[in-house]
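Produce the entire structure from the sequences given, and follow the hints as far as they go.
Chains as they are written, first to last, in the numbering used here: chain A, 1 to 439; chain B, 1 to 480.
Please note: incorrect hints may appear among the correct ones.
Here are the simulated lysine to aspartate or glutamate pairs, EDC-like style, with alpha carbons at most 16 Å apart [stated by the list, open to error]: (1) A/Lys268 / A/Glu283; (2) A/Lys62 / B/Glu17; (3) B/Lys123 / A/Glu348; (4) B/Lys119 / A/Asp246; (5) A/Lys170 / A/Asp246; (6) B/Lys443 / B/Asp172; (7) B/Lys101 / B/Glu120; (8) A/Lys239 / A/Glu283; (9) B/Lys440 / B/Glu428; (10) B/Lys119 / A/Glu348; (11) B/Lys300 / B/Glu393; (12) A/Lys290 / A/Asp254; (13) A/Lys239 / A/Asp299; (14) B/Lys95 / A/Glu31; (15) B/Lys449 / B/Asp172.
Since the hints were derived computationally from the structure, they do not count as laboratory data.
If you want the building blocks of each chain, they are given just below.
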Amino acid sequence: MIRKFLSVEDDNLQSCIRCGLCLSVCPTYKETLAEEESPRGRIAIAKAFLEGYLEVTPDLVKHEYSCLLCEACTAICPAGVQMERLEVALRADVNGKRPQPFGERLSRAILYDRLLMDMSLFRFASGFIRVYQRSGLRRFARATGLLRAFGLHKLEGLLPPMRGSFVVPKGQRWLPRSGSPEYRVGLFTGCVMSTVYSSTTLATARVLAANGCEVIAVSGQGCCGSLHFHAADFEGARKLARRNIDAFLEQRVDFIILNSAGCGTLLKHYGELLGDDPDYKEEAAAFARKIKDVTEFLDGLNMNKELGGMNAIVTYQEPCHLSHTQGIRQAPRNLLRSIPGLKLVEMEESDVCCGSAGVYSITNPDMSRRLAMRKIRNALATGADTIASANPGCMLQLYAAVQETGAKLQIKHVVDLLDESYRVARPKEEVDICLAKKQ
Amino acid sequence: MLSEKTIEELRGIVGGEHVHIGPAELVAYSYDATFQQHRPDVAVSPACTEEVVEVMKLAYREVIPVVARGASTGLAGGTIPVSGGILLNLARMNKVIEIDKDNAMAVVQAGVVTAQLQKEVEKVGLFYPPDPASLNQCTIGGNVACNAGGPRCLKYGVTRHYVLGLTVVLADGRVLRCGGKLMKNSTGYQLPQLFIGSEGTLGVVTEVILRLLPLPRVRSTATAFFSKLEDASRSVAAIIASGILPATLELMDNVCINASADYLSLDLPRDAQAMLILEQDGNDEAAVRKEVERMAEVVKAQGAFLVKVAATSKERDDLWKARRGLGPALGRLSPNRFAEDITVAPGRIPEMVHRLLEIGKEFGFQILVFGHAGDGNLHPSILFDNTKPGVMEQVEKAAEAIFDAALELGGTLSGEHGIGTLKREFMEDALGPVALSVMKDIKKALDPKGILNPQKVFPQRASRKGFIMALPTLGNDLPG
Ligand SMILES: Cc1cc2nc3c(=O)[nH]c(=O)nc-3n(C[C@H](O)[C@H](O)[C@H](O)COP(=O)(O)OP(=O)(O)OC[C@H]3O[C@@H](n4cnc5c(N)ncnc54)[C@H](O)[C@@H]3O)c2cc1C
Ligand code: SF4
Ligand code: SF4
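Here it is, written out as structure tokens:
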């Protein structure tokens, strides 16, 4: 059998010296305490597969595809092993040579190949869900067991209610209340953040504007492509990358800011993704250099201190794609601590993946749920009333877990809390003035 | 190959999901932190002593080899199931059963990770000193089975100094409870000590009673840099001679300094030929600081050109993170590394370091030097590329020369990693015929059918030649 992609990762595989340090951080190992569910085990299996000692067997597929790509192992590995690269390469070789589970086929056919390729379709589908949520249809479907009959009840429970209108990026601008802007920044709106969490994206624009930025929701942008990339659909990911680069190219912004850690990781790597494309290589690298997570950006500024008092006990859940892949650990905490009246309490295992991991909750529902429950237990143990995070995947996952357990916890983005605090400090009319001036 | 009936019986004992038998799964239980690999016939993950008892009874009846495994961070091949059979994964036995604050003792299951225990006892102001560099992943059971040490062992002693009692499942499934929650005990043979360092060849340790100390309130760490490796190695004896017993005294050569600096982007003088990490702890801040200052004076007198005291706890933590990650980080430097664990009397460290450099020159290898210099335990590492023809023969010769040099200086093969498969052919040289035959008698008495971790610790070959090359890898899956 051909191991085309994996053979490129040979050096990466060989650098593992099997010290086992990564066992201490791997979520699936913590849950199972089985070596085949650990980074070291997955690497050894991949190596044996590359060297021809293993074929595509059900147990190989099971343990390799149960990796969350959370990169906790990569972040800690002293020998420099890079798990995501390795796992994506392995999957590229194995995909098609194994039976694909229904959930995965469904997400590939509908989500990757259609909805994420075209944001207007994505919004259309999200709009449908919103109508469904608001109408009596939801109660009807639940009561009749319609969803259960289609095996969709788990998915349905995952979504928080969608409030407000979607953010359709068409060049809207937000400006500081007074003075001329210090930075001109592009807002990357993404898929889930502009629909399910459109309120957070609006909050992000407001907070940036309150901190001296001219904010532009650049038109023509779309999905970042990371779901495609992780599913080893490299062409799909490149196509989306080119489109985003084109969209932002003309705007000449200083930075491109986003509030989705998962997207940020790939956007910061567009340079490598398009490294072989002579037409885009340089633009991709330049684009990648402008990418900043909103927490990273704000923490680096001399921030506007007109923050109003709040009364909240907050614990912070580290998105893997902020801490492990981008190395951003302190910025969100610093921002939370800056809010008067907000008490930040640390939970155990803040940086252990919550089990969201892209479409993992659909493809590996059992492990995903175990990790979500683990997270909720850790969060509850702190006595917090709110979990703050900085990534839509985590927020969706935690929301679903809170629904299921009935835990008294609110799920918010760090920026939501900052925005609330600014709003407390300012009369409402004033806040609204700086919104949505069309270009 | 085991019969389907045996596998079914195992499923009945530990539950189906804790029996690992897929071809890929078996690969995951085939290695440790050396280069060796051999698949077991099956791996099982028991949850408690009772399940281990049932597995052992079955194995004894059917005469199936059993290899106990903690986290498989071993550096001697101890967990490689070279005869196939049952691999007993003890990772699920990870409960801290009791922390007895009044008596300063802890009772834990064998699979508890060393750092996990340390964290929990520190919450109540207690201290478990043994600190192998692998502490974030290795298990107490593995530490007991290898008599693990670490940087702090210079002042505080090794694992064996903390074991008060054990629960051991014997080869035939009987449960031996020895020692107890007692500080002193002269009632009969010191059976717990017998199992310390036994590397899974005499029984499966399932529970451990450990002695704890009060947690020292202050720690101070300094680094000293030298332009000559010899000056650093001489400083070790000079510090002890000055009347100070530091908590740790770690040595690194130039390559190791650079590798650890690269791993965590630390700011260390890149051209220093050697670095010592000096640490002192205690309860009186002024006294601790004074001893660190005194050590600084001593090392300066021996030629240190720079001594830095870690200013923040983050600085200190980073330093230790870098030190603990050093072994794996060295992996970035060369395709292969053969790491040793020889020990000599602390006073002979300069001589040993000199011999190591000579051996490197003689066989044409770069030999890195780092280790717990304060207690005489070094980890010389031979860097090589095993794709070069004939290189393995040379590595074997250089490794042999290192063992011989250590023995000539009155030292021994292993200070803390154990023997496993890697050093077994040198056991008679190290121990002499009488000690080795006493060990064989003990092994026979406790494991008459020879099912516990076969082929480990005892010599297996007529000569030393090929002692590395004969070890199994996946391509060479036959019993070594
Ligand atoms: C990066 C790195 C750094 C290290 N640093 C140090 C160090 O500073 N000091 C040090 O001493 N060692 C060190 N080691 C070696 C290793 O971590 C120790 O030997 C450790 O004690 C092994 O623990 P483990 O749980 O991984 O045991 P394993 O590797 O699983 O087992 C080791 C041996 O013990 C036996 N065994 C394990 N558990 C049991 C049990 N419950 N009952 C009976 N037998 C059992 C096994 O059969 C095997 O023979 C290091 C290793 C690495 C990879
Ligand atoms: S930490 Fe790195 S080198 Fe160590 S076992 Fe994990 S992947 Fe391998
Ligand atoms: S990426 Fe995450 S889930 Fe996958 S092996 Fe590494 S730590 Fe485990």
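Now for the hints, and whether the structure bears them out:
With a C-alpha separation of about 12 Å, the suggested pair A/Lys268 and A/Glu283 falls inside the 16 Å cut-off, and the hint holds. Between the alpha carbons of A/Lys62 and B/Glu17 the distance comes to roughly 13 Å, so the proposed pair stays at or under 16 Å and holds. Restraint check for B/Lys123 and A/Glu348: the C-alpha separation of about 14 Å stays at or below 16 Å, so the hint holds. For a cut-off of 16 Å, the pair hint linking B/Lys119 to A/Asp246 is broken: about 51 Å separates their Cα positions.
With a CA separation close to 14 Å, the supplied pair A/Lys170 and A/Asp246 stays within the 16 Å bound. With a CA separation close to 13 Å, the supplied pair B/Lys443 and B/Asp172 stays within the 16 Å bound. Distance hint between B/Lys101 and B/Glu120 is fulfilled; the C-alpha atoms sit about 11 Å from each other, no more than 16 Å. Taken as a hint, the A/Lys239 and A/Glu283 pair is honoured in the structure, with Cα atoms around 14 Å apart against an allowance of 16 Å.
Pair hint B/Lys440 plus B/Glu428 holds up; C-alpha atoms about 12 Å apart against a cutoff of 16 Å. The hinted pair formed by B/Lys119 and A/Glu348 meets the criterion: a straight-line CA distance of about 12 Å does not exceed 16 Å. Proposed proximity of B/Lys300 and B/Glu393 is contradicted: the alpha carbons are some 42 Å apart, above 16 Å. Restraint check: the Cα-Cα separation between A/Lys290 and A/Asp254 comes to about 7 Å, which is no more than 16 Å; the hinted pair holds.
The straight-line distance between the Cα atoms of A/Lys239 and A/Asp299 is roughly 32 Å, outside the 16 Å bound, and the hint therefore fails. Among the hinted pairs, B/Lys95 with A/Glu31 is consistent with the structure: their alpha-carbon atoms are about 14 Å apart, no more than 16 Å. For the hint pairing B/Lys449 with B/Asp172, the CA-to-CA distance comes to about 9 Å; that is within 16 Å, so the pair holds.
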